[in-house]
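**Student:** Same order as they appear, the protein sequences are chains A and B.
Its first residue numbered 95, the first sequence is counted upward by one per residue in the working numbering.
Its first residue numbered 197, the second sequence is counted upward by one per residue in the working numbering.
By construction, these hints were calculated from the structure, which means they are not laboratory data.
Treat each hint with caution, since some may be false.
Stated by the list, open to error - List time: in silico DMTMM-like cross-link candidates among lysine to aspartate or glutamate, alpha-carbon distance up to 20 Å:
id : chain 1 : residue 1 : chain 2 : residue 2
1  : A       : LYS101    : B       : ASP534
2  : B       : LYS343    : B       : ASP586
3  : A       : LYS222    : B       : GLU469
4  : A       : LYS246    : A       : ASP566
5  : A       : LYS218    : B       : GLU469
These numbers were taken from a predicted model, which means no experiment stands behind them.
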Amino acid sequence: MNRPIKKVAIFCFALFAALFLDGNWIQVVQANSYSAHADNYRNTIYAYQVDRGNIIVGSTNVAYSTATKSSQMKYQRVYSNGEMYAPVTGYFSSNYGTANLEQFENTLLNGKDTRLATQNFLRKAEGKDQAGGSVVTTINAAAQEAAYNALKSELSSVGEGAVAAINPKTGAILALVSSPSYDPNQLASASATTQNNYATALNNNTLQPKLDKALNQTYPPGSTFKIITSATALTYGFGGQSITPTSNISGAPPVTLNLPGSTSTISNSGGETCNSLVLQDAFAQSCNTVYGYIGMQVGAQHLQSMAEAFGFNKTGPTVPMTTSTSMFPTNLSQAQLAQSAIGQYNVTMTPLEGAMMASAVANGGVIESPYLIAKELDTKGNVIASATPTQFADPISSSVAGELATMMQNVVTNGTATSLNNIGVSVAAKTGTAERGTGQNPVAWMVAYAPATNPTVAVAVMVADNDVQPSDAFGNSLAGPIAKAVIQAVVGG
Amino acid sequence: MSMAASPSAGGAITPPPAEPVIPKRRNAELVLLAGAFVLGMFAYANLGEVRAGKLPGNFWTVGIGFGALLAVAHLAVRWLAPYADPLILPISAALNGIGLVLISRLDPYNIANGLAPKAGAAGQQAMFSVIGVVVLVLVLYFVRDHKVLQRYAYISALAGLILIALPAVLPASMSEVNGARSWIKFAGVSVQPAEFAKLLMVSFFAAYLHAKRDTLALASRKVLGIWIPRGRDMGPLLVCWAFAMLVLIRETDLGVSLMFFGVFVIMLYLATERASWLIFGVLLFVAGAALVAMTVTHVQTRFDSWLNPFGDVSGNSRQTAQSLYAFANGGLFGTGLDQGYPTQVGFANNADYIMDTVGEEFGLVGLTAMLAAYGLFVARGLKTALLVRDPYGKLFASGLAVTFALQVFITAGGVMRVIPLTGLPMPFLAAGGSALLANWILAALLLRISDSARRPLPPALPLTAPPSLLDPRNSGNTGRHYGPDKAVKA
Numbered sequence: 095m096n097r098p099i100k101k102v103a104i105f106c107f108a109l110f111a112a113l114f115l116d117g118n119w120i121q122v123v124q125a126n127s128y129s130a131h132a133d134n135y136r137n138t139i140y141a142y143q144v145d146r147g148n149i150i151v152g153s154t155n156v157a158y159s160t161a162t163k164s165s166q167m168k169y170q171r172v173y174s175n176g177e178m179y180a181p182v183t184g185y186f187s188s189n190y191g192t193a194n195l196e197q198f199e200n201t202l203l204n205g206k207d208t209r210l211a212t213q214n215f216l217r218k219a220e221g222k223d224q225a226g227g228s229v230v231t232t233i234n235a236a237a238q239e240a241a242y243n244a245l246k247s248e249l250s251s252v253g254e255g256a257v258a259a260i261n262p263k264t265g266a267i268l269a270l271v272s273s274p275s276y277d278p279n280q281l282a283s284a285s286a287t288t289q290n291n292y293a294t295a296l297n298n299n300t301l302q303p304k305l306d307k308a309l310n311q312t313y314p315p316g317s318t319f320k321i322i323t324s325a326t327a328l329t330y331g332f333g334g335q336s337i338t339p340t341s342n343i344s345g346a347p348p349v350t351l352n353l354p355g356s357t358s359t360i361s362n363s364g365g366e367t368c369n370s371l372v373l374q375d376a377f378a379q380s381c382n383t384v385y386g387y388i389g390m391q392v393g394a395q396h397l398q399s400m401a402e403a404f405g406f407n408k409t410g411p412t413v414p415m416t417t418s419t420s421m422f423p424t425n426l427s428q429a430q431l432a433q434s435a436i437g438q439y440n441v442t443m444t445p446l447e448g449a450m451m452a453s454a455v456a457n458g459g460v461i462e463s464p465y466l467i468a469k470e471l472d473t474k475g476n477v478i479a480s481a482t483p484t485q486f487a488d489p490i491s492s493s494v495a496g497e498l499a500t501m502m503q504n505v506v507t508n509g510t511a512t513s514l515n516n517i518g519v520s521v522a523a524k525t526g527t528a529e530r531g532t533g534q535n536p537v538a539w540m541v542a543y544a545p546a547t548n549p550t551v552a553v554a555v556m557v558a559d560n561d562v563q564p565s566d567a568f569g570n571s572l573a574g575p576i577a578k579a580v581i582q583a584v585v586g587g
Numbered sequence: 197m198s199m200a201a202s203p204s205a206g207g208a209i210t211p212p213p214a215e216p217v218i219p220k221r222r223n224a225e226l227v228l229l230a231g232a233f234v235l236g237m238f239a240y241a242n243l244g245e246v247r248a249g250k251l252p253g254n255f256w257t258v259g260i261g262f263g264a265l266l267a268v269a270h271l272a273v274r275w276l277a278p279y280a281d282p283l284i285l286p287i288s289a290a291l292n293g294i295g296l297v298l299i300s301r302l303d304p305y306n307i308a309n310g311l312a313p314k315a316g317a318a319g320q321q322a323m324f325s326v327i328g329v330v331v332l333v334l335v336l337y338f339v340r341d342h343k344v345l346q347r348y349a350y351i352s353a354l355a356g357l358i359l360i361a362l363p364a365v366l367p368a369s370m371s372e373v374n375g376a377r378s379w380i381k382f383a384g385v386s387v388q389p390a391e392f393a394k395l396l397m398v399s400f401f402a403a404y405l406h407a408k409r410d411t412l413a414l415a416s417r418k419v420l421g422i423w424i425p426r427g428r429d430m431g432p433l434l435v436c437w438a439f440a441m442l443v444l445i446r447e448t449d450l451g452v453s454l455m456f457f458g459v460f461v462i463m464l465y466l467a468t469e470r471a472s473w474l475i476f477g478v479l480l481f482v483a484g485a486a487l488v489a490m491t492v493t494h495v496q497t498r499f500d501s502w503l504n505p506f507g508d509v510s511g512n513s514r515q516t517a518q519s520l521y522a523f524a525n526g527g528l529f530g531t532g533l534d535q536g537y538p539t540q541v542g543f544a545n546n547a548d549y550i551m552d553t554v555g556e557e558f559g560l561v562g563l564t565a566m567l568a569a570y571g572l573f574v575a576r577g578l579k580t581a582l583l584v585r586d587p588y589g590k591l592f593a594s595g596l597a598v599t600f601a602l603q604v605f606i607t608a609g610g611v612m613r614v615i616p617l618t619g620l621p622m623p624f625l626a627a628g629g630s631a632l633l634a635n636w637i638l639a640a641l642l643l644r645i646s647d648s649a650r651r652p653l654p655p656a657l658p659l660t661a662p663p664s665l666l667d668p669r670n671s672g673n674t675g676r677h678y679g680p681d682k683a684v685k686a
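Could you build the full structure based on these sequences and the hints that come with them?
**Tutor:** Listed below in structure tokens is the structure:
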């Protein structure tokens with residue numbers, strides 16, 4: 095009977111070999127993949143055992159970790175000025191995960207970044223907890239504070255708004271505000287009940303406080319889109335003629351633009367008559383009839399390609415947060431084309447795209463990629479990476495940019511952006527008041543840059559508030575003062 | 197000169213070649229037992245250091261108790277089974293000790309979550325470890341020769357069948373734990389009857405197959421190179437298969453079913469040396485299990501979570517997924533005792549899922565060591581089967597070893613997703629008195645058989661034996677003196 099016993103012994107050995115091989119498979123080969131599963135609670139536990147790095151604005155830590163007395167959740171995340179900086183920091187929550195820089199810089203902040211491997215190996219040898227690196231943002235504290243306070247004081251309880259400000263020469267994001275905001279401290283609370291109650295309240299709020307409206311929500315741009323329509327006309331001309339800011343658009347109707355193939359018409363704000371059909375005057379007064387006409391003249395193909403050169407219909411830049419795609423519609427009828435040319439119909443953009451639009455004009459036609467991280471630091475605060483500006487798009491020539499710059503300054507000195515005139519610094523701007531559905535107030539926009547001669551800030555302000563008098567719901571009156579506050583904070587005017 | 201060429205001259209008998217002196221290896225066992233003791237106590241000290249930065253409060257009491265227990269076991273073997281295999285006892289002791297540490301490591305969570313009694317499961321387990329060793333001594337004392345168990349074959353079979361079938365006929369409230377009806381719960385005591393039944397059934401299989409092996413092996417026809425047994429000889433196989441399927445359907449316990457049928461088929465093969473039995477057995481079981489898996493929900497969900505462990509992570513496949521996360525988190529070297537989160541798996545974390553803690557906290561290194569210990573135990577069991585002289589002993593020893601191997605594979609393979617999760621306790625490690633007791637009995641039986649396997653034979657009687665050797669009064673003489681003695685000369 096010994097022969098079959100030996101064979102059975104081999105069989106038993108095979109059983110154990112199978113277990114051993116499987117152990118290698120699940121503990122080594124597949125380990126990282128299994129460990130990354132979202133429902134693996136160990137990730138949360140371990141995340142709270144790390145001395146997570148700071149998120150820094152200027153020299154202030156707007157997000158940092160403090161040691162607790164608990165053995166499992168060893169560190170508590172704290173946000174100074176949480177609501178103001180929430181669109182930048184995001185949150186770090188045991189039950190609700192991470193968002194914004196807390197999410198996109200997670201491996202640096204939690205110390206798993208390979209660049210921190212040596213430091214953390216030594217820390218482990220010393221018996222210290224794993225530590226994370228820090229992130230220095232590009233945010234200008236004064237600009238952020240000005241934008242946040244101005245927006246918050248202006249909005250009613252049902253209003254939403256956002257501000258995006260960038261340095262046009264580098265793309266560095268100077269202010270990133272979304273309102274209403276939320277307090278990340280509540281989501282990072284050591285108490286699960288606090289977290290749950292707060293998250294439920296946020297989710298029940300129809301204004302979606304957790305949504306970063308500056309980066310991840312699109313709105314109809316309205317007249318601010320006339321910057322792109324102007325750029326198309328100045329670049330391509332139409333009717334066999336080249337166009338300059340002083341060209342007289344003689345074919346355009348001053349009061350009502352009839353749309354071909356449609357019973358609807360385009361008129362100017364408040365039914366006004368367009369004072370002058372000269373391009374820069376029509377731009378300053380924001381004449382819809384003229385710009386609807388120009389849109390049909392330059393044609394859908396040119397308008398679309400210009401919009402796309404500015405970043406529409408392209409995946410938004412990663413700052414490192416992903417941003418929504420601004421949309422310019424395709425397969426347009428003539429009537430839809432005319433409406434798209436004045437930023438209506440299905441044209442939508444993010445506030446960030448508004449700031450990028452202004453920065454193209456401010457920066458000689460080139461859009462630098464917006465970015466939020468100036469420097470990355472190791473666990474000891476040494477710089478391990480610094481941002482280098484990269485070009486995002488080159489939509490217009492420098493001469494067209496120069497012409498648009500003149501036209502946008504004219505909007506401030508002689509046109510609709512009166513709130514930015516005589517504020518101690520020369521500003522170039524474009525207002526926008528985009529119609530939404532019936533019963534909703536328009537979206538009020540201000541897209542601007544300053545100083546006009548040597549720009550250091552390009553800003554887009556968006557306000558959508560149903561609780562203001564419709565007669566006050568204009569880009570200049572609602573968004574203008576906020577843009578002014580941001581510009582003055584950056585330029586010091 | 198011529199005298200030397202004729203050995204028969206003068207009537208001198210050539211002495212038989214001296215048998216090699218078989219060492220008892222009891223001192224080796226003692227050294228290994230000391231190793232098992234140190235291993236367990238070191239792990240327990242480690243647990244205290246990690247928890248509170250000092251030795252556990254009852255460290256020295258536990259140390260003295262554990263040491264005394266191992267000493268008793270060792271002395272009993274020295275006395276009752278001096279030739280027994282020297283590895284079986286140390287491996288059992290090491291596994292039992294590590295199991296105790298793991299259970300007390302998991303206790304705080306289990307107490308807090310109502311998965312263990314208020315006082316913890318470790319105390320109970322310690323008590324059953326003591327009982328286990330006592331039972332080991334009793335088995336060694338009363339079963340002086342494993343062959344006597346042959347006489348009780350049919351009683352064993354009856355008792356075994358009743359034990360297996362009992363949970364199926366009891367109301368679910370007295371037999372169901374987490375979906376499988378494989379328990380007997382009565383007056384606050386839970387018993388897994390299959391743990392004892394496995395010993396009884398292996399004992400019966402060994403006796404039965406020993407008696408019928410020739411019929412089963414020889415009365416068959418060869419078709420296409422395979423020996424096909426006669427129809428009527430298929431009977432036992434079919435009965436056993438039907439019983440396994442019944443267990444599977446009524447008790448929804450794939451593990452018990454697989455273990456019993458597996459060991460029966462393998463023993464059938466051992467007895468007959470006909471691979472055709474293996475083929476028939478495997479085909480029957482796979483077909484039956486597949487059919488049951490398609491119809492019985494409990495078995496079906498286990499199959500589903502095996503095939504797709506991350507499909508329903510908050511529902512049916514939660515435990516399989518959590519089990520894999522534990523192993524993944526352990527990686528190569530593990531997190532260290534009490535520094536992982538194997539309790540995430542929840543229910544049965546100290547029984548069927550106890551290998552999660554091994555994998556997570558001791559890493560692949562610790563898992564491998566643990567598998568090696570189990571493998572060595574099986575190897576010693578099969579070695580005993582090779583050495584023992586009587587066919588019944590061979591069948592019995594290999595049956596016990598194979599049962600043990602199958603249980604380890606089914607349990608560890610289930611939590612490691614080699615096979616669908618089936619729900620058997622991990623031998624010696626898992627919390628559970630009945631399982632621990634049964635495994636100590638299994639170890640005792642293997643010790644008994646190995647003692648008889650390695651014990652030297654009494655001297656062969658020469659054909660022309662002197663009257664003194666044939667004298668019944670001298671029959672108790674098993675002295676190892678074979679040399680020609682005065683009686684021959686005389």
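**Student:** So which hints don't hold here, by number, going up?
**Tutor:** 1, 3 and 5
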